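Use the sequences and the hints to build the structure in full.
Given next are the chains, with one letter for each unit.
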Amino acid sequence: MEYLIWTGWTLLYTLVIIVGVLIAVAYYTYAERKVMGGMQRRQGPITVGPFGLLQPLADGLKLFSKETIIPSGANRVVFLLAPMMLFALSLIAWAVIPFDKGWVLANINVGILYLFAVSSMTVYGVIMAGWASNSRYAFLGGLRSASQMVSYEVSMGLIIVCVLLCTGSLNLMEIVEAPRPVWMQVLLFPMFIVFLISILAETNRAPFDLPEGESEITGGFMVEYSAMAFALFFLGEYSAMILMSAMTTILFLGGWLPPFGMAFLAFVPGIIWFAAKTLLVMFFFLWARATLPRFRYDQLMRLGWKVFLPLTLAWVILTAGILMSFDALPNMPAEAAVSQDALTQIEADTSDAAGLSETSGIEDIND
Amino acid sequence: MTDFNLIPLLPEIFLSLVGMGLLIVGVSQGNVSTRVICWSSAAGFVITGLILLGIGWETQTVLNGMFVMDKFAGFMKLLILTGLVAAVGLSVRYIIQEGMERFEYPILIIFAGIGMMIMVSANNLLTLYMGLELQSLSLYVLAAFHRNSMRSSEAGIKYFVLGALSSGMLLFGMSLIYGFTGSVDFTTIGATVNNLSAIPFGLTFGLVFVLAGLAFKISAVPFHMWTPDVYQGAPTSVTALFAIVPKIAAFGLLMRLLFEPFMGMSEQWVQIIYFIAVASMVVGAFAAIAQGNIKRLLAYSSIGNMGYALMGLVAGTAEGAGAVVLYLTIYMIMTAGVFAVVLSMRRQGMAVYKIKDLSGLSQTNPGLAYPLAILMFSMSGIPPAAGFFGKLVVFNAAVASGYYILAVIGVLSSVVAAFYYLRVVKVMFFDEPADAFDGGLPFARRAILFISVLFVLGFVIKPNIFVSSSFDAASVLFQG
Amino acid sequence: MIIQALAFYLFAGILVVSALMVISARNPVHSVLFLILGFFNSAGLFILLGAEFVAMIMVIVYVGAVAVLFLFVVMMLDISFADLRKGAMQYVPVGLAIGAVLLTELVMAYGVWAFAPDALANRGAPLIRFEGATNAESLGQVLYTDYVLAFQLAGLILFVAMVGAIVLTLRTRPGVRRQNVGEQHARKREDVLEIRKVTPGTGV
Chain A
1 MEYLIWTGWT LLYTLVIIVG VLIAVAYYTY AERKVMGGMQ RRQGPITVGP
51 FGLLQPLADG LKLFSKETII PSGANRVVFL LAPMMLFALS LIAWAVIPFD
101 KGWVLANINV GILYLFAVSS MTVYGVIMAG WASNSRYAFL GGLRSASQMV
151 SYEVSMGLII VCVLLCTGSL NLMEIVEAPR PVWMQVLLFP MFIVFLISIL
201 AETNRAPFDL PEGESEITGG FMVEYSAMAF ALFFLGEYSA MILMSAMTTI
251 LFLGGWLPPF GMAFLAFVPG IIWFAAKTLL VMFFFLWARA TLPRFRYDQL
301 MRLGWKVFLP LTLAWVILTA GILMSFDALP NMPAEAAVSQ DALTQIEADT
351 SDAAGLSETS GIEDIND
Chain B
1001 MTDFNLIPLL PEIFLSLVGM GLLIVGVSQG NVSTRVICWS SAAGFVITGL
1051 ILLGIGWETQ TVLNGMFVMD KFAGFMKLLI LTGLVAAVGL SVRYIIQEGM
1101 ERFEYPILII FAGIGMMIMV SANNLLTLYM GLELQSLSLY VLAAFHRNSM
1151 RSSEAGIKYF VLGALSSGML LFGMSLIYGF TGSVDFTTIG ATVNNLSAIP
1201 FGLTFGLVFV LAGLAFKISA VPFHMWTPDV YQGAPTSVTA LFAIVPKIAA
1251 FGLLMRLLFE PFMGMSEQWV QIIYFIAVAS MVVGAFAAIA QGNIKRLLAY
1301 SSIGNMGYAL MGLVAGTAEG AGAVVLYLTI YMIMTAGVFA VVLSMRRQGM
1351 AVYKIKDLSG LSQTNPGLAY PLAILMFSMS GIPPAAGFFG KLVVFNAAVA
1401 SGYYILAVIG VLSSVVAAFY YLRVVKVMFF DEPADAFDGG LPFARRAILF
1451 ISVLFVLGFV IKPNIFVSSS FDAASVLFQG
Chain C
2001 MIIQALAFYL FAGILVVSAL MVISARNPVH SVLFLILGFF NSAGLFILLG
2051 AEFVAMIMVI VYVGAVAVLF LFVVMMLDIS FADLRKGAMQ YVPVGLAIGA
2101 VLLTELVMAY GVWAFAPDAL ANRGAPLIRF EGATNAESLG QVLYTDYVLA
2151 FQLAGLILFV AMVGAIVLTL RTRPGVRRQN VGEQHARKRE DVLEIRKVTP
2201 GTGV
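Residue numbers (this note's numbering), protein chains in the order written: chain A, 1 to 367; chain B, 1001 to 1480; chain C, 2001 to 2204.
Quick caveat, the hints were computed from the structure, so don't treat them as lab data.
Here the structure is a predicted model, which means the values were calculated and not measured.
Glycine included, C-beta positions come from ideal geometry on N, C-alpha and C.
Treat the hints loosely; a few may be bogus.
As the list claims (entries may be wrong) - Label pairs and their computed distance ranges (CB to CB): (1) L22(A) - R1147(B): 52 to 58 Å; (2) G2013(C) - A276(A): 44 to 50 Å; (3) S325(A) - G2111(C): 23 to 29 Å; (4) V1036(B) - Q2179(C): 55 to 61 Å; (5) A328(A) - G2111(C): 54 to 60 Å; (6) L309(A) - L1006(B): 27 to 33 Å; (7) G2013(C) - D327(A): 48 to 54 Å; (8) R2171(C) - G261(A): 42 to 48 Å; (9) L318(A) - G1458(B): 57 to 63 Å; (10) R2171(C) - L1006(B): 35 to 41 Å.
In structure tokens, the structure reads:
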């Protein structure tokens, strides 16, 4: 019974997250058009609904009612699987995001790795779509995206390592709550900048939108898609952007905590802070798109491998070195003591195999 | 973490620093620096050898028992380093002549060398595997180093695919061993095996797979298929390296593995090694007869020689182990000399490899013909030469442990093998002279050839230097 | 737990099926996709074992990086895999024979299955100090202390692999024009621009 209730709650919570994310995605597209309109001295959508607020719904309805065209030379299964996979991946990542203290569907120990793993898998949706379309443009777009995402993942991983060094946990909640003195924030700030740029590349957004590259490869991997399949790509892409913003918030901006440790702001619910910070990063995505021209492909690769990779690698070493030399490694003293105790115990017991098998470590194996 | 003592690892650490440092030099200076880097790496090997002599060889295990330093490891490492110096010395002129003058060449040899040194010091299945892979990976690349040559690329691919297969078998065997003994540490495995009343079938199974993987690395029959093709296809200087050094490391590993943790299972492994030794000797002797290419001939010769060396393992005694070490020492020095000649077989700037090409060498180039003849006599085991004593101690050890049939097969196959070694001599001295080889033997080759011949002839005068030191080194394995 | 058993059979079943599909799929791209599915399910099995760190690393490294490159290469290669397969059938009897031998041996081994009596204690010995620690913590504790040698050697192996890949594939092609950002930035106005007074009718 208890189990059923638990399952029910989980399902409900999942539903809330999914619906929330989808609504956020819908209005993110609206915001994008408004923000870009503002930056380019246009108005953006204004006709559908008040201030054009119903525009996303109208767009969705339009895509939903159109015909899904599958090119005759396409590999049907993979062609249809690709957008579904991309969309599903962009949703399952939300399972570990803590929106507020304790507001998380699955509080797992390796949350950050889970996020990283899911985001690294999105490349398959793109590359599968590109290949299955049986079209030159689509294939080019798919290949571009594969190499681009793999390249930037490397530096993203190293940046995450920097943060983990400072927080001492892979759990997202603990990452948010780990104390961060000012010097640590200063230390991480350059990585924050690099991370912001990397997530642009990771989500294939301007100025790194070469996989789509409307003006050169006419839409890249999505060129053959229409109707709902196209809409799934769209939803997936924007959901991934929001996810990356949330990830940045958790890693660098302190999640649901009030900004700059201002305790008097603590009366505001955590989720508000979380949303505000995420929105800030989401705005950055739009800002970058409206401001910067597209990179050339070799420039993109140069930036990833010859600038970011050495920089982040050096920063990992620097961070580790600073933490070591100032004895500021998180979680260290307690752990060391524990293992030291256990060591002495082992040394006492080494010759006595029978004594060993009585301890609970062995019983675990017997099960 | 009680034994974080890096002193026994100093040679390896130094060598890897040399490798990385030279790589930086190479990258910044480009391929023109190849020659300098080659000689620097040779100097690096020599200094490493000096460090090795300086650190003291009393038995100690460090780093959580993963690495062991004892007289055996020290002696084998010294052999390896000597072989590496010879291999680099033989290569310099050759890689320039063949137009594959790239600075990575000596650097890959350095890393292969680190792998080999780790192999003979491995006291843990993990260290063993890591050392083996470090060595193999470097050698795969070296085999394909002449990348514009189809044959070289083919050799590299072949070696890589089969090498990966053998690594797979090795790992599978290790996982079984870990499963059945619960440890990857040699000392613990040894203790566990000795405590057993009956050997579990699965453990034998694992050991068989490990032996199969290692037999591949020493190119013993039935895992020898790659050897002739790789020897033939790889650039000759790399073939020289293959023939001289990796076998020593693989043997060092095999001996430590069999004599330390698995001594308690000698009943099981002796049968396998017995079979492998016999098959290697026979195949090595008979298959070589038909070869017209000197590199293929040397490949089969090395297969046969591994068979003789394995005979010492079958004996399973300290004398047997000592005989193996002595045999490997002699084999290494002879082979280095032979390859110094093979590398000099060039006409009009092109390398030639046919045995026929050697015809009448005694008239056109006696300076090469006489040393090669002496080395061939030694390889075939004609008495006053060093090769004879190598075979003698091995046969002796086998007989002492009661393996008479094995010794008889060994003697017979070495008689067969003598045929093709002496055929080379016959071609050189009694056939119509072919065109002369390009003149000009570089100093390094000349020196290696001289040392090799001097060793082969001089061994009989004071054999005890080598005999006692190699037996001394091997006896360490039987103390525990 | 019935759920765990179900999950195990689900993951294991899909893993076996996808492994089978990897070698039997006609289209090599499908093979790689099944391979990825296989990796994914083995990650699921790791989670069931409580090794969540290994599971995630499995997904990140194998699925997220290695298999992408596989897919990349397979898609780019213009090889008729049907032709490559043509001769494969003639090796089936040999393969089956070896498989049969191995299977018999495994069955025989299963018949007399026995661990060394010390095996359990041996395996348990390194675990005791990590009671209650998370995966990542315990792995970190042994990787950088007890197994530091293996760790460093793995680094050397990767280093050699990198050198090898460069040795075997990097060819400097003449006539390629590359962007040199440093040079571009260092360019001064005086280097490229010259102002001359030109009197009408004479030219430069």
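So which of those numbered hints doesn't the model satisfy? 3, 4, 8
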